[in-house]
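J.: Sequence:
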Amino acid sequence: MNVNSHIQLPRFILNNFRSKNGKVWNLNLNDCKLHSCGTKKLGTQKGYYSQELEQYLNQQIENPFSKLAYKIATFVEQGEESLILPVDAENICKQYISVAAFRSKKAYSDFLKGSLVAGLLDDQTSHDGLAFFSTKLNSGIVPEISESRMMVLANKTDKEFVVPQNCFYLISSNRFPCVIAPITPFCAVGLISKDYPLEKNVNLWLVSDTDDILHMNKQALCMEYVFNHEFVVARRKNELLELKSYLEENQTSLESLKSVCD
Numbered sequence: 017m018n019v020n021s022h023i024q025l026p027r028f029i030l031n032n033f034r035s036k037n038g039k040v041w042n043l044n045l046n047d048c049k050l051h052s053c054g055t056k057k058l059g060t061q062k063g064y065y066s067q068e069l070e071q072y073l074n075q076q077i078e079n080p081f082s083k084l085a086y087k088i089a090t091f092v093e094q095g096e097e098s099l100i101l102p103v104d105a106e107n108i109c110k111q112y113i114s115v116a117a118f119r120s121k122k123a124y125s126d127f128l129k130g131s132l133v134a135g136l137l138d139d140q141t142s143h144d145g146l147a148f149f150s151t152k153l154n155s156g157i158v159p160e161i162s163e164s165r166m167m168v169l170a171n172k173t174d175k176e177f178v179v180p181q182n183c184f185y186l187i188s189s190n191r192f193p194c195v196i197a198p199i200t201p202f203c204a205v206g207l208i209s210k211d212y213p214l215e216k217n218v219n220l221w222l223v224s225d226t227d228d229i230l231h232m233n234k235q236a237l238c239m240e241y242v243f244n245h246e247f248v249v250a251r252r253k254n255e256l257l258e259l260k261s262y263l264e265e266n267q268t269s270l271e272s273l274k275s276v277c278d
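The numbering used here puts the first residue of the sequence shown at 17, with every later residue one more than the last.
In short, the hints are calculated from the structure, not lab data.
Hints may contain errors.
Unchecked claim - Computed cross-link-like contacts, DSS-like style, restricted to lysine-lysine with a CA-CA straight-line distance of at most 30 Å:
#1 K253 / K152
#2 K253 / K56
#3 K39 / K152
#4 K152 / K172
Stated by the list, open to error - Simulated DEER-style distance windows between Cβ atoms:
#5 I100 / T60: 20 to 26 Å
#6 L128 / S98: 27 to 33 Å
#7 S52 / T268: 33 to 39 Å
#8 R252 / S189: 24 to 30 Å
#9 D174 / L273: 35 to 41 Å
#10 Y86 / K172: 31 to 37 Å
#11 L153 / Q61: 19 to 25 Å
#12 D126 / F192: 24 to 30 Å
#13 S272 / L128: 20 to 26 Å
#14 L101 / N74: 19 to 25 Å
#15 I100 / L128: 29 to 35 Å
#16 F192 / L132: 35 to 41 Å
#17 N79 / D138: 23 to 29 Å
#18 S224 / K152: 20 to 26 Å
For every residue, glycine included, the Cβ atom is placed at its ideal position computed from N, Cα and C.
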């Protein structure tokens, strides 16, 4: 039986960005327009994955990460005194981001170009195969982030995080690359090199500058433009109005970036 699959961004993350009316705002990168909609069908395609693969991803990747995300969000947003994470929290985070990378449109396109058998398979089997492979490669963690350290980002500004369909994006901090995966408008997880200079080995970043959040949101849009060219989600319209202007002003450079990555 074909199910309505969320191709890359899990519904539980989308739900965290709902406004009071139960809907999310999204900036569609194809028509450059803002839309308000529910989360049930956003970013989905019927039959993209088999029901078996959907259940597998839920059990192995999405359910563990949703529990971790809930703990982090409760700590950041409800003022819990301490954040006690499970011992495997870092691996859960790395697996979520690694598997998300393989579920992008660009990853699938690259897979089709490099596979000798992909042309012999139907689309669903190819989608299933690539996603399943991603959970087994290096224990489900891509080598590029295997040695990184997990961080929690707490947004203390009046500007909110957005989240791309790609689930994560890259920024640079003190010349160190950092992977950011938003959980809610107010918190995110990050992965950064273990060589990054930290005081007292603190793994909580308090983001208090609105320009930093705006920069991260722009990076979310840029990465989505290259890897999927689908949408960016926000709880409020204002964050996406800023990104809409940025998109319109930088269309040429974004196309150039996409061409280079292709």
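J.: It remains to establish, for every hint, whether it holds in the given structure.
T.: Do the hints match the structure? See the list:
1. K253 / K152: violated, 39 Å
2. K253 / K56: holds, 19 Å
3. K39 / K152: violated, 35 Å
4. K152 / K172: violated, 37 Å
5. I100 / T60: 20 to 26 Å: violated, 34 Å
6. L128 / S98: 27 to 33 Å: Check failed, 47 Å falls outside 27 to 33 Å.
7. S52 / T268: 33 to 39 Å: This hint is violated: roughly 29 Å between Cβ atoms.
8. R252 / S189: 24 to 30 Å: holds, 26 Å
9. D174 / L273: 35 to 41 Å: violated, 30 Å
10. Y86 / K172: 31 to 37 Å: Roughly 20 Å apart at Cβ, these two residues miss the hinted range, so it is violated.
11. L153 / Q61: 19 to 25 Å: At roughly 24 Å between Cβ atoms, Q61 and L153 fall inside 19 to 25 Å, so the hint holds.
12. D126 / F192: 24 to 30 Å: holds, 26 Å
13. S272 / L128: 20 to 26 Å: holds, 24 Å
14. L101 / N74: 19 to 25 Å: The hint (19 to 25 Å, Cβ to Cβ) holds, given that L101 and N74 are roughly 21 Å apart.
15. I100 / L128: 29 to 35 Å: Violated: the Cβ-Cβ distance is about 43 Å, outside 29 to 35 Å.
16. F192 / L132: 35 to 41 Å: holds, 38 Å
17. N79 / D138: 23 to 29 Å: The hinted range 23 to 29 Å holds for N79 and D138, with Cβ atoms some 27 Å apart.
18. S224 / K152: 20 to 26 Å: violated, 40 Å
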